[in-house]
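**Q** The primary structure of each chain is shown beneath.
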Amino acid sequence: MVRLPYFTALTTLFSYGLLFAFGQMRDLFRKILDLPKSKKVQGYAPICLGLEDFYTRRLFLRAQDCFGRPIASAPDAWIDVVERYSNDNNKTLHRTSNITKCLNLGSYNYLGFAAADEYCTPRVIESLKQYSPGTCSVRVDGGTTKLHTELEELAARFVGKPAAILFGMGYVTNSAIIPALIAKGGLIISDSLNHNSIVNGARGSGATVRVFQHNTPSHLEEVLREQIAEGQPRTHRPWKKIIVIVEGIYSMEGELCKLPEIIAVCKKYKAYTYLDEAHSIGAIGKTGRGVCELLGVDPADVDIMMGTFTKSFGSCGGYIAASKEIIQYLKHTCPAHLYGTSMSPPAVQQVISAIKVILGEDGSNRGAQKLAQIRDNSNFFRAELHKMGFEVLGDEDSPVMPIMLYNPAKIPAFSRECLKQNVAVVTVAFPATPLLLARARICISASHSREDLMRGLEVLSKVGDLVGIKYFPVESENSHAEAKLKKLD
Amino acid sequence: MAVAVANMTTAALDWVSVKFNAPLAGMVVFGVHIHGHLIVEVLLIAVILFQLSRKSYKPPKKPLTEKEIDDLCDEWAPEPLHPPITEEMLSEPPTLESAAGPHTIIDGKEVVNFASANYLGLIGNEKINYGVGSCGPRGFYGTIDVHLDCEARISKFLGTPDSILYSYGISTIFSVIPAFCKKGDIIVADEGVHWAVQNGLYLSRSTIVYFKHNDMSSLKSTLEKVTRGNRRAEKIRRYIVVEAIYQNSGQIAPLDEIIRLKEKYRFRVVLDESHSFGVLGSSGRGLAEHYGVPVEKIDIITAGMGNALATDGGFCTGSVRVVDHQRLSSSGYVFSASLPPFLASAAIAAVDYLEENPALLSKLKRNIALLWSEISELPGLILASNPLSPIVFLKLKRSTGSTKGDMKLLDEIVDRVLKEDLVFIVTTKRSTLDKCRLPVGLRIFVSAGHTESDLLKASNSLKRVTALVLSELA
Numbered sequence: 003m004v005r006l007p008y009f010t011a012l013t014t015l016f017s018y019g020l021l022f023a024f025g026q027m028r029d030l031f032r033k034i035l036d037l038p039k040s041k042k043v044q045g046y047a048p049i050c051l052g053l054e055d056f057y058t059r060r061l062f063l064r065a066q067d068c069f070g071r072p073i074a075s076a077p078d079a080w081i082d083v084v085e086r087y088s089n090d091n092n093k094t095l096h097r098t099s100n101i102t103k104c105l106n107l108g109s110y111n112y113l114g115f116a117a118a119d120e121y122c123t124p125r126v127i128e129s130l131k132q133y134s135p136g137t138c139s140v141r142v143d144g145g146t147t148k149l150h151t152e153l154e155e156l157a158a159r160f161v162g163k164p165a166a167i168l169f170g171m172g173y174v175t176n177s178a179i180i181p182a183l184i185a186k187g188g189l190i191i192s193d194s195l196n197h198n199s200i201v202n203g204a205r206g207s208g209a210t211v212r213v214f215q216h217n218t219p220s221h222l223e224e225v226l227r228e229q230i231a232e233g234q235p236r237t238h239r240p241w242k243k244i245i246v247i248v249e250g251i252y253s254m255e256g257e258l259c260k261l262p263e264i265i266a267v268c269k270k271y272k273a274y275t276y277l278d279e280a281h282s283i284g285a286i287g288k289t290g291r292g293v294c295e296l297l298g299v300d301p302a303d304v305d306i307m308m309g310t311f312t313k314s315f316g317s318c319g320g321y322i323a324a325s326k327e328i329i330q331y332l333k334h335t336c337p338a339h340l341y342g343t344s345m346s347p348p349a350v351q352q353v354i355s356a357i358k359v360i361l362g363e364d365g366s367n368r369g370a371q372k373l374a375q376i377r378d379n380s381n382f383f384r385a386e387l388h389k390m391g392f393e394v395l396g397d398e399d400s401p402v403m404p405i406m407l408y409n410p411a412k413i414p415a416f417s418r419e420c421l422k423q424n425v426a427v428v429t430v431a432f433p434a435t436p437l438l439l440a441r442a443r444i445c446i447s448a449s450h451s452r453e454d455l456m457r458g459l460e461v462l463s464k465v466g467d468l469v470g471i472k473y474f475p476v477e478s479e480n481s482h483a484e485a486k487l488k489k490l491d
Numbered sequence: 166m167a168v169a170v171a172n173m174t175t176a177a178l179d180w181v182s183v184k185f186n187a188p189l190a191g192m193v194v195f196g197v198h199i200h201g202h203l204i205v206e207v208l209l210i211a212v213i214l215f216q217l218s219r220k221s222y223k224p225p226k227k228p229l230t231e232k233e234i235d236d237l238c239d240e241w242a243p244e245p246l247h248p249p250i251t252e253e254m255l256s257e258p259p260t261l262e263s264a265a266g267p268h269t270i271i272d273g274k275e276v277v278n279f280a281s282a283n284y285l286g287l288i289g290n291e292k293i294n295y296g297v298g299s300c301g302p303r304g305f306y307g308t309i310d311v312h313l314d315c316e317a318r319i320s321k322f323l324g325t326p327d328s329i330l331y332s333y334g335i336s337t338i339f340s341v342i343p344a345f346c347k348k349g350d351i352i353v354a355d356e357g358v359h360w361a362v363q364n365g366l367y368l369s370r371s372t373i374v375y376f377k378h379n380d381m382s383s384l385k386s387t388l389e390k391v392t393r394g395n396r397r398a399e400k401i402r403r404y405i406v407v408e409a410i411y412q413n414s415g416q417i418a419p420l421d422e423i424i425r426l427k428e429k430y431r432f433r434v435v436l437d438e439s440h441s442f443g444v445l446g447s448s449g450r451g452l453a454e455h456y457g458v459p460v461e462k463i464d465i466i467t468a469g470m471g472n473a474l475a476t477d478g479g480f481c482t483g484s485v486r487v488v489d490h491q492r493l494s495s496s497g498y499v500f501s502a503s504l505p506p507f508l509a510s511a512a513i514a515a516v517d518y519l520e521e522n523p524a525l526l527s528k529l530k531r532n533i534a535l536l537w538s539e540i541s542e543l544p545g546l547i548l549a550s551n552p553l554s555p556i557v558f559l560k561l562k563r564s565t566g567s568t569k570g571d572m573k574l575l576d577e578i579v580d581r582v583l584k585e586d587l588v589f590i591v592t593t594k595r596s597t598l599d600k601c602r603l604p605v606g607l608r609i610f611v612s613a614g615h616t617e618s619d620l621l622k623a624s625n626s627l628k629r630v631t632a633l634v635l636s637e638l639a
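Heads up: the protein sequence lines correspond to chains G and F, in order.
So the mapping is simple: my numbering equals the position in the first sequence, first residue as 1, plus 2.
So the mapping is simple: my numbering equals the position in the second sequence, first residue as 1, plus 165.
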């Protein structure tokens, strides 16, 4: 839970107000200066009206060099960041050919499969030669290869469900599956902090959408009771079906979902559950099976489990795992399966090899090592950050750690200072987070060694002092109290 | 009898009036003699006041008690998540055991592959440099220099100012449309656009008007109807959404007509070139080159790279303003991991190869023409696509009356062609969520990698099988 000190809230609001005022003044000057210039396109409404891209033009552009930094190597523990310069105050950025080697604290490379791996890479190159990078067709036409069927079985086995279906992209998985499962006359209850792909999928389905307070099973119960009793809006007919959508790890908070309680509530009220494990599959749990394993939930209790291969497996694409009948139905109807190009075969091979390493089926115990490494790394890093006095969100064992920044000016300051010291961090602001709650998000990987982490901590501490984000400076007794408070929240 | 009643009533009335007017034993209140009728009037007023003071009768709004909610929740039974599995749902597509090139291996046998949209025969050239995944969205260290190179290469090839890369073919169009079209805008779209476009249109919440598939007079009358009498047209953005080569029917959109209409009625054009990029035009630059229209006149061009370029992903090009706006407001770009770098480098290699070998395009054209000449006289099937389109679309001359019946026949043709003659073609697959109402049919994807013998084999097989299958019908 975020504990925003009052003084910080006031200063943040004041900063945004100032930026807004300046932006409006500049817009005014722009309008005045543009008056004599004749409009080239008569009769067409402008493609972006007034305030729609105000945020982009006046606020985002000032800090544009902190986002979208290109890299020239695989996203491993150390990356080569390409330097950029700008001649017109960040409006356009040009690449140079200089690169700086930086510690990578921003990519979702949880188990370290992003770089060349001794087991995976030769097999991927092999499959590239055999199957070529694309299949040029959709799954139902000519796009199903032996690799795809193998991966579907393997993914289902890994997650603990009877069957699975693959898609070429994680975002499309959510957007295209939810409309296939539920339509007008159904109800979707989703967590207030769910990812954009889920929101889009829910909107695209035509069903009614209700939101429950983030990670609060009691509020979910209230909403369920109210909705079942009332029925559909206006007609009061009973709902056709209810689906509750939650995520395993929320990527902007680093928190785990309270899965056992939510499943209990859903079972009581006969609602279906949909679990999005984009960040948690492969990264948490004793054998990497995700949030179900960590919290002791039987996968058979969750109706539909969705995940992506981008984060822990170093590939691309997504999957849905559920009962055989649901998967059969989805294969027949889901638009992403019928119209979307099938997953690229080398990417499929990468996932197959990565899962085999995690399960230990490649004959070594590198998988178990990686899992233990990421757990130790995450817990160590988080504890150290707490000790230093940063405001860090997230639960034990979660590899995602957001550090709160709040002030809009601190976002580029933090990012640039860290880059000067050769540490690459990711800062997130509006629209991915609420306006006042800007943060820097650290993602720990199994490929970070202890020295890397120490270096990262050193730099973060220095920059934190410089920028002034150590909101809760603590002495040693207080730190225990803080940690307890966080757990209770 | 009546007289007696009348007499009784008169007597009663007399008595009442006497009582009314009888002074009440000399009662005097405030100097006013109280008569009998005053008592009645006072009583009447009292009754009226009493009624007014009572609450009007509304059925009381009692919120449901906890017990009632519990009961309702117990009674409620949801539908199952999936409808009952029918037989057609159980069919599985054939599994390939090698690359989906012009020849591929299914079930251990080599077949001629007409089911992959591998128009230029580029399956088979690449190398990996960067590991497979990119592990992050474009904003957070997911931008690898190959992405920027790929964007620059595509812009250079097409002659547009800028372009932006997406990580998946169909997500391109359904992210671009909601980024530019909001509630209140007007979109005129062809009724035969594929599902991804329909989804984008739905998510954008604009007013959508469909016009008859590839019918320019219908488009003209729709544009006329939509703009007539609309005084607020200055503030509303208006778009026409068409595809260059329609996936659902193989028709080609007449771009010159569309541009003329767009300029007359002041609309912007969004063109999806997934199947025409690298295919149409003398050097493969797409529909604009094919019709000789300057590419600046098309406002937004999107394309999936999963077809002619033999990789995956998609791109969108247009003016700098158009592309920059998408970098922050297009959901499929901002909230999704970027394209795997090896696919981006494969795309660059493909574009380079295409630019150096324009002969591929003439080969493709020759192949399509050859196939057309061979299968223009099939019993029971007619060619329904444009003669220049690499998607050759065959539909039934006489439909069985239902889509299900048609699909059964077509599936049988496809199965037999595969098993008996080792030629792999496909039928149209429609999702239940798809709103397109165009007829179903057979699709043959012609590639520049096919040889003459492949095409002859396919056409002979089709002739044989359709004669068998459809003669049973006739």
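I should point out that these hints are in silico values taken from the structure, not numbers from a laboratory.
Watch out, some of these pointers could steer you wrong.
[What the hints assert, rightly or not] Chain G regions said to be covered by chain F (calculated; three or more residues, Cβ under 8 Å):
| hint | stretch |
| --- | --- |
| 1 | 107–113 |
| 2 | 143–151 |
| 3 | 312–320 |
[Unchecked claim] For the chain F half of the interface with chain G, some residues (derived, Cβ under 7 Å), not all of them:
| hint | residue |
| --- | --- |
| 4 | Trp241 |
| 5 | Leu261 |
| 6 | Pro505 |
[As the list claims (entries may be wrong)] Computed cross-link-like contacts, EDC-like style, restricted to lysine to aspartate or glutamate with a CA-CA straight-line distance of at most 20 Å:
| hint | chain 1 | residue 1 | chain 2 | residue 2 |
| --- | --- | --- | --- | --- |
| 7 | G | Lys148 | F | Glu262 |
| 8 | F | Lys232 | G | Asp36 |
| 9 | G | Lys243 | F | Glu240 |
| 10 | G | Lys242 | F | Glu244 |
| 11 | G | Lys148 | F | Glu257 |
| 12 | G | Lys186 | F | Glu244 |
| 13 | G | Lys242 | F | Asp235 |
| 14 | G | Lys269 | F | Glu262 |
| 15 | G | Lys131 | F | Glu244 |
| 16 | G | Lys270 | F | Glu233 |
Just so you know, these numbers come straight off a predicted model, no measurement behind them.
Backbone N, C-alpha and C define an ideal beta-carbon position, used for all residues, glycine too.
**Q** Compare the structure with each hint and give your call.
**A** Checked hints:
For the stretch 107–113 of chain G, the stated coverage by chain F holds: 4 residues have a C-beta nearer than 8 Å to a C-beta of that chain, and at least 3 were required. Under the rule that three or more residues need a Cβ within less than 8 Å of chain F, the assignment of the stretch 143–151 of chain G holds, with 8 such residues. Look at the stretch 312–320 of chain G against chain F: 6 of its residues bring a Cβ nearer than 8 Å to a Cβ of that chain, three or more, so the hint holds. With its C-beta approaching chain G no nearer than about 5 Å, Trp241 of chain F sits inside the 7 Å limit, and its interface hint holds.
At about 5 Å, the closest approach between the beta carbon of Leu261 of chain F and any beta carbon in chain G falls short of 7 Å, and the interface hint on this residue holds. Against a cut-off of 7 Å between C-beta atoms, the interface hint on Pro505 of chain F holds, since the closest Cβ of chain G lies about 5 Å away. At roughly 6 Å between alpha-carbon atoms, Lys148 of chain G and Glu262 of chain F fall within 20 Å of each other, so this suggested pair holds. A C-alpha spacing of about 67 Å is found between Lys232 of chain F and Asp36 of chain G, which places the hinted pair above 20 Å, so the restraint is violated.
The straight-line distance between the Cα atoms of Lys243 of chain G and Glu240 of chain F is roughly 13 Å, inside the 20 Å bound, and the hint therefore holds. Using a Cα cut-off of 20 Å, the hinted pair Lys242 of chain G and Glu244 of chain F holds, with the two alpha carbons roughly 6 Å apart. At roughly 13 Å between alpha-carbon atoms, Lys148 of chain G and Glu257 of chain F fall within 20 Å of each other, so this suggested pair holds. Between Lys186 of chain G and Glu244 of chain F the CA atoms are separated by roughly 13 Å; this keeps the pair inside 20 Å, and the hint holds.
As the CA atoms of Lys242 of chain G and Asp235 of chain F are separated by approximately 18 Å, the hinted pair is consistent with the 20 Å bound. Distance check on the hinted pair: Lys269 of chain G and Glu262 of chain F sit about 43 Å apart at the alpha-carbon level, beyond 20 Å; violated. Between Lys131 of chain G and Glu244 of chain F the alpha-carbon distance is near 47 Å, which puts this suggested pair outside the 20 Å criterion. Between Lys270 of chain G and Glu233 of chain F the CA atoms are separated by roughly 16 Å; this keeps the pair inside 20 Å, and the hint holds.
The structure is inconsistent with the numbered hints 8, 14 and 15, although it conforms to all the rest.
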